[in-house]
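Just so you know, the protein sequences line up as chains G and V, in that order. For reference, each letter of the first sequence is one residue, going 1 to 396 in my numbering. For reference, each letter of the second sequence is one residue, going 1 to 237 in my numbering.
Honestly, the hints are just simulated from the structure, not real lab data. The beta carbon of each residue, even a glycine, is placed where N, CA and C say it ideally should be. Do not rely on the hints blindly, as some may be mistaken.
To be verified - Straight-line Cα separation of at most 20 Å, EDC-like style, residue types lysine to aspartate or glutamate; simulated pairs:
1) V:90 - V:33
2) V:227 - V:3
3) G:8 - V:219
4) G:317 - V:115
5) V:81 - G:310
6) V:9 - V:33
7) G:163 - G:153
8) G:8 - G:296
9) G:106 - G:215
What the hints assert, rightly or not - Short, incomplete list of chain V residues facing chain G, as computed with Cβ under 10 Å:
10) 58
11) 99
12) 104
13) 109
14) 110
15) 216
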Amino acid sequence: MIGALNQKLLREIWQLKGQMVAIILVMAAGIAVFVLMFGVVDSLKLTKNTYYDRYQFADIFVSLKRAPESVKQRVGEIPGVSIIESRVVFGVTLQIKNMIEPASGKIISLPDSHDPLLNNLYLRSGRFLYPNEENAVVVDESFFTAHGFNLGDKISVIMNGYKRQLTMVGVVLSPEYVYSIAPGALMPDSKRYGLFWMSRRSLEAAVNMKGAFNDLSIKVDRNANIENIKQSVDSILKPYGGLIAYGRDEQISNFFVENELKQLYSMGLMAPIVFLSVSAFLINVVMTRQISTQRELIGMLKAVGYRNIEISLHYLKMVLVITGVGSIIGLSLGGLDGNRYDKNVYGVFSFSHIKVQLFIRSHGFCGFLLHASGVYWNLVCDSKCCESTSSGSDAS
Amino acid sequence: MADKPISFKTQDLKKVYRTGETEVAALRGVNIEITEAELIVMLGPSGSGKSTFMNIIGGLDRASSGNVLFCGQDLAELSEKELTYFRREKVGFVFQAYNLVPSLTVLENVALVTEIAPNPMDPMQALDAMGLNNRANHFPSQLSGGEQQRVAIARALAKQPDVLLCDEPTGALDSETGIVVLKALMDVNAKFGTTCIIITHNAAIAQLAHRVIHFADGDVSLVEVNKIRKQPEQIEW
Chain G
1 MIGALNQKLL
11 REIWQLKGQM
21 VAIILVMAAG
31 IAVFVLMFGV
41 VDSLKLTKNT
51 YYDRYQFADI
61 FVSLKRAPES
71 VKQRVGEIPG
81 VSIIESRVVF
91 GVTLQIKNMI
101 EPASGKIISL
111 PDSHDPLLNN
121 LYLRSGRFLY
131 PNEENAVVVD
141 ESFFTAHGFN
151 LGDKISVIMN
161 GYKRQLTMVG
171 VVLSPEYVYS
181 IAPGALMPDS
191 KRYGLFWMSR
201 RSLEAAVNMK
211 GAFNDLSIKV
221 DRNANIENIK
231 QSVDSILKPY
241 GGLIAYGRDE
251 QISNFFVENE
261 LKQLYSMGLM
271 APIVFLSVSA
281 FLINVVMTRQ
291 ISTQRELIGM
301 LKAVGYRNIE
311 ISLHYLKMVL
321 VITGVGSIIG
331 LSLGGLDGNR
341 YDKNVYGVFS
351 FSHIKVQLFI
361 RSHGFCGFLL
371 HASGVYWNLV
381 CDSKCCESTS
391 SGSDAS
Chain V
1 MADKPISFKT
11 QDLKKVYRTG
21 ETEVAALRGV
31 NIEITEAELI
41 VMLGPSGSGK
51 STFMNIIGGL
61 DRASSGNVLF
71 CGQDLAELSE
81 KELTYFRREK
91 VGFVFQAYNL
101 VPSLTVLENV
111 ALVTEIAPNP
121 MDPMQALDAM
131 GLNNRANHFP
141 SQLSGGEQQR
151 VAIARALAKQ
161 PDVLLCDEPT
171 GALDSETGIV
181 VLKALMDVNA
191 KFGTTCIIIT
201 HNAAIAQLAH
211 RVIHFADGDV
221 SLVEVNKIRK
231 QPEQIEW
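Just chain G, with the same shape it has in the complex (with noise of 0.2 Å):
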């Protein structure tokens, strides 16, 4: 037995049927934009701050003409730098079988000697370079993908004016290249530029850089004031043609990465809101209506002996229904539909692996106190009014 105040409420649920799928629907398509975005964005996030931890992405990078390797201790030595690496990084035109314009490209130096300390690779198929291993390079996984390329191919490079035939032993993905431009590119197109990493001891001796570097990356410690350490590379680096150095705000991919991610926060807010103040505009004109032409049924109930909580409640428990099941279906539309838009944003991002968090929070409970304070609020107001209802015409 469900009770007649109940029976009345299904009754009433299901003649208006269309109006309360069209209002569960609006509700629900908000919550599932709110619940795919942010899922989304949080999944971002943790993908990103774990790729750029595990492979150590650095915070600042500075570019420079040449600098004996000296000049990276002086660098080094600046309060708050804890890692410091310095690089040869080069230019290259890449020459591409049945491309009539060449691609372009960028050489940058691997440690024969270890590891590197920052931004360091991941290694998706292939292998890593052997220790002072000429002529064989490891290559990013986009430039790899789009030329249909095999392990061990050749390519040819012109490095410093001279025509190099390099072999490709890896696939690699880098923390500096999740989002890969060429300077000056408005998109990314992995066709006509290729990212390669490559024996130190090698690229010194192709480009005569033997000794000097020319691109330095540095950690800082963890409360280390960054501005203050990048003024000081700036000053020691200026001698050698060092350009301005810049932070992880600046780093080209880190910008577009942060940037898409603030693209989703506001798609993700803004869309849902647009959404659950249309459901929820919508639930008052129902409930008003329903309120409004039920006054002198209320103004019944309170004359037979129901409390105003009771009939305020029975009212509510139509807010109720239409929370729950817009919530529900707009919970696993949104948990669904995130998988799909999950691999659809990683696919413009190279990332290591992919962490994918489902957001839950506290929006269904909010979209039904956005709701509930409506009907509440048309109940209060008709309280009174019923009182003078059942009393009917009580001057007559």
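Given chain G's structure and the hints, the job is docking chain V onto it.
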């Protein structure tokens, strides 16, 4: 009736409605006693204060001053919650507009009240008393006006109230149906000993009552005792 216990007693009962600076006195010091199991008919022109009086003794409204004693308990002393329980346990209302829930069957409409009443009768028994047991699963829209009003009486009766307050119960009915409804009310009064107070504009109905209370200008203008009560079918509508 004088030897029966008193159900309601009002003392200098006043009610003033205020609209801005305008004051309208709906009741101007009503003093009356109603005994248990009495059937009272209240007559009077519109605006004479009948409904206001009924709302106050039924616990739907509060008096501006004066007292209403129900079995010795002053209703003015009761809180909102206690007034609600007073209505729930002691009073049955029958309205002119029936006020049935259209989405509930006849049986469910009666159950609406029996579910919260402390000592209800079986809803089917209440419907049976009104001759509606074969209509239990019909919706109000499938019933005639008289049948709907009898459902409303069954609903009021089902909680076994001490007092039945009926505001124009035959106001929306034709004479034939009105007779059926009045018969039902008289049966309840006679069979269950429920005090019945009926407000009406129809002077003929007064012939059914033990006493007739005439209202005029917010006060009792005349109280008549019917030495011989007529049956509903005997009165001329």
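Outcome of the hint check:
1. Taking the CA atoms of residue 90 of chain V and residue 33 of chain V, the gap is about 17 Å. The hint holds against a cut of 20 Å.
2. A hinted pair counts as satisfied when its Cα atoms are at most 20 Å apart, and residue 227 of chain V with residue 3 of chain V qualifies at roughly 16 Å.
3. Restraint check for residue 8 of chain G and residue 219 of chain V: not satisfied, since their Cα atoms lie roughly 41 Å apart, outside the 20 Å limit.
4. Taken as a hint, the residue 317 of chain G and residue 115 of chain V pair is honoured in the structure, with Cα atoms around 18 Å apart against an allowance of 20 Å.
5. At most 20 Å may separate the alpha-carbon atoms for a hinted pair to count; residue 81 of chain V and residue 310 of chain G meet this at roughly 12 Å.
6. In summary, the hint linking residue 9 of chain V to residue 33 of chain V is supported, as the alpha carbons are separated by about 4 Å, within the 20 Å threshold.
7. In summary, the hint linking residue 163 of chain G to residue 153 of chain G is supported, as the alpha carbons are separated by about 16 Å, within the 20 Å threshold.
8. Under the criterion of a C-alpha separation no larger than 20 Å, the hint pairing residue 8 of chain G with residue 296 of chain G is consistent with the structure, at around 15 Å.
9. The suggested pairing of residue 106 of chain G with residue 215 of chain G holds, with an alpha-carbon distance near 12 Å, which does not exceed 20 Å.
10. Interface hint status for residue 58 of chain V: upheld, as the beta-carbon distance to the closest one in chain G is roughly 8 Å, under 10 Å.
11. Here the hint on residue 99 of chain V is kept, as its CB sits about 4 Å from the closest CB of chain G, short of 10 Å.
12. A hinted interface residue such as residue 104 of chain V counts as satisfied when its beta carbon comes closer than 10 Å to some beta carbon of chain G; here the least separation is about 5 Å, so the hint holds.
13. The criterion of a C-beta within 10 Å of any C-beta in chain G is met by residue 109 of chain V, whose closest approach is roughly 7 Å, and the hint holds.
14. Using the Cβ-Cβ criterion of 10 Å, the hint placing residue 110 of chain V at the interface with chain G is satisfied: the shortest such distance is roughly 9 Å.
15. For residue 216 of chain V, the suggested interface contact is broken, since its CB lies about 13 Å from the closest CB of chain G, more than 10 Å.
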